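Taken in sequence, the protein lines are chains A and B.
Under this note's numbering, the first residue of the first sequence carries the number 1, and numbering increases by one thereafter.
Under this note's numbering, the first residue of the second sequence carries the number 337, and numbering increases by one thereafter.
Among the hints, a few may not be true.
[Said to hold, decoys possible] Listed next, the in silico BS3-like pairs over lysine-lysine satisfying Cα-Cα at most 25 Å (straight line):
(1) A:K131 <-> B:K340
(2) B:K787 <-> A:K131
(3) B:K340 <-> A:K72
(4) B:K344 <-> A:K131
(5) B:K712 <-> A:K151
Hints are computed from structural coordinates only; laboratory data are not their basis.
Predicted, not measured: the structure shown is a model, and the values here were computed from it.
Each chain, letter by letter, is given below.
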Amino acid sequence: MKKEIVIDVEHLTKDYGMGRGIFDVTFNVHKGEVFGFVGTNGSGKTTTIRHIMGFLKAEQGEVKVLDMDAWKDGPKIKEFVEYVPGEIAFPDLNNGITFLKNQAELLGLKNMDYANSLISRLQLDPSANLKRMSKGMKQKTAIVAALMADKDILILDEPTTGLDPLMRETFLEIILEEKKKGKTILMSSQMFDELEMTCDRVALILDGKIIDIADIEKLQNPAFKLYKIEFTNEQDYKKFKNLKFEVVRDQPQYTQVTIKIATTSLNHLFNVLKNYHLKFISEVKQNLERHFKEILLNKRKVKIVTSKELDKTKRERKRERKTLKKEYEKQKEDKK
Amino acid sequence: MINKALFKQSCKANWVKWLSVTIATCTMLAIVIIVLGNLGINDIRDSLKDVFTQADQEAVLKENSVDSYDLYLTSVDGSNQIVVGIGQMFDSYDNAKEEYETATGSPATGDALVAIQTQIAQGMVSQFEGMLEGTGFTSEQLQALIVGQLAAYDSDPAAETNFINLIKMFLPNMLPQQIASQAKEQALANGATEEEATATEEQVLALATVAVNDYITQSGSPTFVYSTALFESNAAQYVNQMMYDSVYNLQISQGVEEDEANINATAVKVISNTAISTYQLWQHEYSADGSLTDDEKALAKTEATKSISDQIPEKVAVALEELGNMDVYGLIIGSIFYRIAGLLLPMVFVIMTANSLLAGQVDSGSMAYVLSTPTKRRTVSVTQMTYLLFALFSMFALLTVVSVIAVWIVGGNNFAINFSEILLFNLGAFLTMFAIAGFCFMCSAIFNRTKHSLSIGGGLTIFSLVCTILGLFGSSVVPSAMRISQMNFFNYLSIITFFDTTDILTGSMDWLWKFGILLAVGIVTIIIGVFRFDKKDLPL
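Pulled out of the complex, with its shape left as it was, chain B reads as follows:
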């Protein structure tokens, strides 16, 4: 089936082409891998990634600060409400007594007075029942206490102040505990584990206790009039300090130097301060019309907790984030070298050689010398096809050796692209060239004129390559900032699309059937070429 003399003749006629293309391609590949391996292209990518991680952390930090600030004020607000509620209780006791007098015409005494006291006390107990948990007080005790205080109030109006002071003593135990257990329930409902929820409860408890104690201290002082503004600044200061402390302690426990821990903790404090100040600013802005709805509060919080990634437009943020996640090595070695740059020279070799093996010799007439010997046409075409595949195979065998050595030099399996991936790249590129060689061979076998063989075989091959270049700008390996999805259409026009390097890099097994298609295209076109060459007229 194979004629040795003809095979030798083809080797002699084409070895210069083969050698120059092989050397050039191998050199390009070695340079690409080694230079990329030493440049650390992924540094930029990593720093971009850092920016976004930091931004995310910052957002969490800011949210924590704002939440803590809110919690502080809620605790203060709660304490205030309880104190005000007790004042209102005495007022409603007075009112109930007056009503009784108007209705019966005589002041309430004895059993009637007790009934009123009990009614009011029951109302209060039902209101505060939830807070008793953890205080060591039962609702019966509370009810008895209130009844006793109301009775004392009948004889001495100073009892009101005394009772308020008494309740204030219990506030640091009652209210924070309630808020903390609510926070725990909330955390559990949000899907936190029992441990995390308990940690949250402890934090909130500490924060709320500070806030309530703060309230009690402030409400007894002459500055109580300016309470709102005062509590707000206290809350900010306290939260900032808390942030600082927790970061500082954490860092020290991790063995960081004191100075450095101080710097880091201060940075966190600054971020916390900024977040809370922004939050306060937006709350004042929204409450200019006299009221602050929940929606407005939420808006203020969003504004205050914005990180860098929230401040830039969404599309840009997505693009930058993708850029951070992009696999630069996969793109340059896989999509650009193996699918485009590295294929170009072998393509030129295959187009020229396939043409000169049959069509070129028929066109010039030199095929006559072979066919005027007792050599079958089938033998001629099979020999020439064998030479073409042999040249291509040896070229890619060398390329594989070079690529494996280059990857080994830049770090073996620690390199961004490991050995199995680089081997699959070489196999894919070879199979792509096999399909193209089959097609060019078929054109060379079908046509008697060089110009037809070259323009169909070579033309479509180069067309494929150009489509792959254009299609690259629409494919998923290009970050969305540079991607034009419509350009992906070109990928459907190119046979190189069946050599999908992203499949190999992402570990998908789709490359298996795609390689199968490339192999089938090569085999079918070669068979068509061989049979056509047997049957056609030759102008020799």
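The shape of chain A in the complex, shown without the other chains:
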């Protein structure tokens, strides 16, 4: 069954000069999917989201939401879209209640039940003065203002910044509930773990270009797993090394090896290990962060060669090369 595409971004380019902006960004979000967006500060997450919201006009390429042009049909699209902006600034109103009521009026929302349930779940005191709210409270108010309309598409730009760990949990729970309702969610973040918890797919964006789109399910249930094994004595260690396992990392000083093994032959491994004295065995878990770091490192190695084409100042390039060199050397050392 072909999945229905809700948000479709094709070859989107917006060049702000000096290497900033987004370049040839292409991805799509399916109906009922939670799509994550990760990247460093200034990498282009917000710019992409602003295009989807119809605030910015694409230089090249096109953005479609529910088959409507994001720029031309902005107001119509927004009948289906809820948005939490990355930068939290409220209109010049007295308190949260006034703001939420005003927002409900703008949305044409009459029933505030869902809003009230959100408020109590997020433990928000909306009667507080908008200007004196802490960052977390503002964030919570913004979340309520967006989610209360209960629309089909949710676009969240770094929605968890400023939230305390407990509230973050609650918020992620809410997101998962929304997902269960069948909503399509696009969410940007700098936190890998929360994306991993909620998203179906996560796109990595760097310097305005999408580097990789990772499938979380595949990442969490890989075909191959890594195991780190330490032996109590050297004989066992040497004996094990002679077996035909794929060793990805060898640390003789600790009598440690890390092996890569297909999930299907796990039984074989454990049968073999019965006869060995082990200090410990642990699975080296593949997570989103590690996955993207590997990709980034590979990408950067290539980038040293191609950095000339980037419109960067000499000093920036020099500094970048220095840090990359250090990382590369460190990686080499680790391999030894």
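With chain A fixed as given, assemble chain B onto it according to the hints.
Relative to chain A, chain B alone:
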């Protein structure tokens, strides 16, 4: 086109600003009008005006005195010339007889004597013909009289004195009449009406008659030797008295108390005396070299008839006179309150509000909440523009009510500024603010950053106001003593120049097209702003 929720939001966000600016401006206006209405600022102006009117009257008075004095002496001089002329006639008769004797060798007799007498008499008649009018004498009678007198002279030399005495009897009729009719012709030539000319003729006739009678009395007396000095002092005394009498009689006929009439008439007499004394003094000064030309006489007259406004330097006099004519209410209420002081606070309101309605919300990011709902950008900009105009309109509606009430309190249409003028002031100020609001709104719609919107929109607006303040010192409402015409250049840099309160006060209809320009500026800038806001990138 207008979103109710957004409109409400803008009202809630800006009402404190609106209220404080409106109250402050209304209070200022009420105070300005009521305080000015009760202070009687125009009193100073009126007294200045009085000074100049008095000075003008004084100058006329002095001129009259000096002219009368001159006329008196002219009459005396004329009488003297006639008497001297008769003496010369007898002398030339003697000479003609002697010449005849030398030529023929025998004294003239019979027909020859008659011929000489007739010739001399004809010469005299032609000389005096003009004076006979009104005396009941014809030229034939005069000729016969002279011939008779000359014949009598042949036998008795005392006939000369007798004839002079005879002529003196006719002088009071002959000479003054001639001078008076000349004065009438002169007055008619100067554009006076027949009535005025006749009045002048009567005055001159009276004056000249007195002078000639005076001459006749004096010339028969032993003091005749000192005649010139005597006649001069007589003339001065007579003119002074005449001035006194005419003012006194006039005042009494107008029902003024005798004492007061006496004081006023004496004041006039003093002024007349001063003028004549000064005139005499300057004539003596100029005639020190032995002669008094007409130019020197005219100079002496100018010096003698100078009034206060002639004595101060011309520029100062013009400045003071302008100060007297200045419309203080028009200046303070129109040019200073409605064009400067009263605009300042609404300007601050418009600059701040226009910015916060669009650019401020885009800059902070709060616009995202409005635009993430199914609200069109066009709806947002039109709603915000409507709010701005609504706030401005209600502010000026209140200001209009306050100003009309204030004018009504200080005297309605009797006040220096009437209702229609004050209504036009309010309309003009509103249209000026409409143009400025349009411009600030356009800046707010074009720019994404508060700092840009404020510095262009607010900056140019305040620049306009400052230019108007500087330009005020070069504009015609400021009296020339304080005016620096070069400063008028600043008026060309300010949009407030199209709100011209002097047009309204002077009744010129130029304000109509100027108001039209203000309206057009507002509409065009608003349209540009609305369209630009539709098409631009928003960093939300």
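We went through each hint and held it up to the structure:
1. A:K131 <-> B:K340: Between K131 of chain A and K340 of chain B the Cα gap is close to 24 Å, so the pair holds against 25 Å.
2. B:K787 <-> A:K131: Judged against 25 Å, a Cα distance of about 21 Å means the pair holds.
3. B:K340 <-> A:K72: 23 Å, holds
4. B:K344 <-> A:K131: Given pair K344 of chain B, K131 of chain A holds - Cα atoms ~19 Å apart, limit 25 Å.
5. B:K712 <-> A:K151: 18 Å, holds
Consistency note: the structure conflicts with none of the earlier hints.
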